[in-house]
Each structure stands twice: as structure tokens, then as C-alpha cells.
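Visitor: Start from chain D and add chain U according to the hints.
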Amino acid sequence: MRSFTPSRSSLLMAPALAWLTALMVVPCALVLALAFFRRGIYGGIEYSFTLENFGLVLDPLYAGIFLNSARIAGTATLIAVVIGYAAAYAIAAAPRRWQPVFLFFAVLPFWSNYLIRTYAWIVLLNREGLITQLLRWFGYTGEPPSMLYTEGAVIAGLVYNYLPFVILACYAPLSRLNPELAEASRDLGASAMTTFRRVILPLTVPGIAAGAVFVFVLSIGNFVTPALLGGGRFQMIGNLVYDQFLTANDWPFGAALAMALIAIMLLVLTAQALAADRAAGRIAEAKGGADD
Amino acid sequence: MTERSPATRRTLWLVLTLVFAFLYIPIAVLVALSFNQGGLPTVWSGFSLKWYASLAGNAAILSAALNTLIVALVSTAIATLLGTLLAIGVEMRRQYGSGLEALIFAPMIIPDIVLAVALLSFFSMLDFTLGLHTIILAHVVFNLAFVCSVVRARLKSFDWSIVEASADLGASALTTFRRVTLPVILPAVVAGALLAFTLSVDEFIIAFFTAGAGRASTTLPMQIYSMIRFGITPEINALATIVMAVSITALTLSQRLNRGVIG
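Line order of the protein sequences matches chains D and U.
Letter by letter, the first sequence follows residues 1 to 292 of the UniProt record's numbering.
Letter by letter, the second sequence follows residues 1 to 263 of the UniProt record's numbering.
By construction, these hints were calculated from the structure, which means they are not laboratory data.
Just so we're clear, the structure is a prediction, and the values are computed from it rather than from any experiment.
Ideal Cβ placement from N, Cα and C applies to all residues, glycine included.
Mixed in with the good hints there might be a few duds.
What follows is a list of derived Cβ distance ranges for each label pair [unchecked claim]: (1) D:GLU46 - U:SER98: 32 to 42 Å; (2) D:ALA284 - U:GLY214: 51 to 61 Å; (3) D:GLN99 - U:TYR96: 28 to 38 Å.
Derived coverage of chain U by chain D (criterion: at least 3 residues anywhere in the stretch with Cβ under 8 Å from a Cβ of chain D; other residues may be distant) [to be verified]: (4) 60 to 74; (5) 104 to 113; (6) 247 to 254.
Okay, chain D solo, but in the shape it has when bound:
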């Protein structure tokens, strides 16, 4: 039996938990509460109960921004998952001793400054940037294409910034895949495509789900990428929250928007947990089958 008393472990955890409670739980609860108050006439907050702020979130104007954000984040997620999965597959297929090296270099950019990685795309995409110069070099003489400050630029920036995480998330289940399963499938006459679709893909769903959730959640609440690569022309929820707090000075509405963002995040996380559960069932089944 362990001689550690629960009280000692509580003592060790107390300072950190107190910090998280005071500076995360309480402030988030406060924002939730703020969302139920009215905006004062001169900005500020008037302490009378209302549900108007949540009604405003559903107003066509703002609901449109939500849908737009979801579409941009969804597109970025889809592209990142396709590229990331292919990359993870290629890394998992590389010689064993090279895999950690490839993985390390795939994730390394992720740890450098987010602003700088986004800025790098301004350098590439601006009217006199590398891409325009390459086009010129190939003999193009027309107007430089406008690539910066477009929705495409925002999506490219999001994919670029979050791709490393998808690679990491998809690599984990791919590297643990039992090669005998794919072999068995082939021996039974399945084509490479069928084997991939019916055997490999279902077993790696948890990685895909984890990667997709991460990209989607971080993209939909993103503020920096739309501001820099979209040039402020593409409002996303993050920018809307920013505006309510720092320019429009309507904190209660900003708070309601922030809570909507949290609600979306929880929804997506729940969906991921369900997908992971179902996949776990399939993996158990596959293992049981292999034992027969």
C-alpha cells in the first residue's frame, strides 16, 4: 500500500489549482456572467439582466460571420488533414531510424513564433513577393496577381501554421499500425485502395479526429491570421470579439461571442471524443480478430 496520504498530494496541487481557479476559472465565469448584462450608454456595463446579447449573436449579420468563420476554418481543416495525413503516412513509411528526425523537423516550425510564421506569408504573397518574382522569371509580364488580403491567403496561413500538429496527431496511430493487418487484407485479395479505405483509415481515425479538432478550434477563434493575411477584410469570430472589447466597447456582447466560441469548442471536442470511442471499439475488434 502507498504511504502517501491524499492530503499531501492535495497540498502539492493546491498552489497550481488555486492559480488556475483565480486566473482562469473565475475570469471565464465572469465573462459568462457579463454576457447576461446590458451595455451601458457610454460603453461600460449596466447591471441588469438580459438575454439580448445572445439574441444578437444569432442576428443574421453576426450569424453570417460565424458561418463564414466556420467555412474558412473548415476548409483549412480539410486541407491540413489531407496534407498532414499524407505527410504522416510518408514519415511512418520511412526507414525506422529516420522517422524521429523527420517528425522533429515537421514539428519544429510549429514552435517558432506564430506572428512570424504568418508574416512569412506576407513576404511570399505580397505584390512584389517571391511568387510574383517567380512568375516574372518565367516570363509573366502582366499585373502582379493580388494574393494577399484574400480568403485564400487566410486559409493558406491557417494550414501552414497548424499543419505540424496534424502530422504529429496522425503519425501516432499510423506508426502503431500492425503491418500484418494490411498484409492480411492484401492476401485476401483486397486492392491497395480498398485496404487503405477499409483497414488503415478506420484504425487511424482517432489521430485524424484529434488533428482536425485542433486545427478547427484554433482556426475558428483565430484573430491574428485574418487580421494580417486577410487585411481586416475577412472578419472572423476572433476579430469580432477583439472589436467588441477594444474598439466598440460593448463588453457584454463581446462576452456572449466569446461564450459562443467556447460552446463551439466543447461541441467539437465532444464529437471528437465520440469518434475516438467508436474507433477504439473498432481497434479492439480488429485485435480480437487478429487473435483468432
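Guide: Relative to chain D, chain U alone:
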């Protein structure tokens, strides 16, 4: 995995090449242009270090760099202490509710903008003066979660019976920690601290909201953000190169330590 046809193998190498090109070309272009002689930020006209020299004479950037260093060092120190204790407490107990797990996980997944506005509301409601100290308070929140997760990963394989043995042999709790537990988890603690340091150096949104008005508490990412909004300059390229070099060095070090031989 199993043997593949040469065509498949070529495709896989092509995928790897393209993905790494996609990941590294934007960064490489930025770094190359930071050594550009000309004033045009994106057209090459010869090698020069003059933009690095001009950084050294830019008072706003130097003061922002100093602020960032203060915030990162102090928040990392606090987060490393609290996060390590938390990790030990949690792993010692082994059974804990999913509520506790969610609380520790939350700072890593919560959108930055939400935590930023929550802290701004909180501080303004308490009539806190905003400044470097409020950025530090805020950075500790996510930093301690990351330190905790790195240290917990190391503790998963920790044999708690040696702690019991040490206590049985008459060592005090503190001596046991210093002589038994700490040496085992030290690489993870240092790795976690390095990770926290980089996260803090790079963090922009939460700092932006909790810094308050005025130059006195501008951090480097805030400075970079406002420079980018004014347009691209070779000076930003140089600054970006230095900041990237610092975070990549710290992270590589952290990675190496975490796979250390002890434990």
C-alpha cells in the same frame, strides 16, 4: 511497414519533399531576406548585416525585448515550480476525477482570445493596474499546464516504491524529494521550463490584452505585430530571424533533454 513497389516509394518521398518545402520555404525566404543589402524587403540586392545593426540601435525594440525577457523568465520560474508540484501531486494520487483532468487541460485548449478577454474583464473589475505583472500572472496560467504535462509524462514510468523506501530509511519528505524524486524528473522539469519560456516569448494575444496602454509594457510580439501592420521592412526580417533562432534553440534543447538517459 511492408515492402512497397518502387513507384509507391517514389510517391512517398515526393510527398515528404513537398511537405518539407511547404514548411520551410517561407521561413527560409524570410531569413535570407534579413541579410539583404537593399531597402526593399523582398528584392535581393546583395549580402549585408546592416539590418541587424539597425536593430541594435532601435530603442523601442530593445525595450520590448527586455520586457519580453522579464515576463518570460518570471512566468517560467513560477510556472515551473507550480506545474512540477501539480504534476507530482496528481501522479502520486493516481485516482482523480475527470474534472481535475479537464481543469489542467483547459489552459492548453482554450482559445487565446477567450482567455485574453476574460482576464481583461477580471483585472478591470478588480481595478488592477495593467502592466508587465498582469502579463506574468496570465502567462503562468498556460505555462504551468504545459510544464505539468511534460513532467507528468516523465512520472508515468516512475517507481513510487523508491520514494517509500527512502521514507522507510528515515529520510524526510524534503530530502526524499531532493535526493530521489527530483533527480529522476529533472530533465522533464528543465524541458518543461524551456517549453514554457518559448511559449511566453512568443505569446501575443493574451499579452496584448493584459498589458494595458503605453509603451512601458510592450512585449516583443506586440512590437512585431505593430511593425507588421505598418508594412514589411528588412528590419522585421532581421528581428524575426533572431526571435525564431532563440525559440528553435530552446525547443531543440528541450526535446533533447526530454529524451535524456536518466529515469
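Visitor: Against each hint, give a clear statement of whether it holds in the structure.
Guide: Okay, the hints, checked on the actual structure:
no., hint, verdict
1, D:GLU46 - U:SER98: 32 to 42 Å, "holds (38 Å)"
2, D:ALA284 - U:GLY214: 51 to 61 Å, "holds (58 Å)"
3, D:GLN99 - U:TYR96: 28 to 38 Å, "holds (34 Å)"
4, 60 to 74, "violated (count 0)"
5, 104 to 113, "holds (count 8)"
6, 247 to 254, "holds (count 4)"
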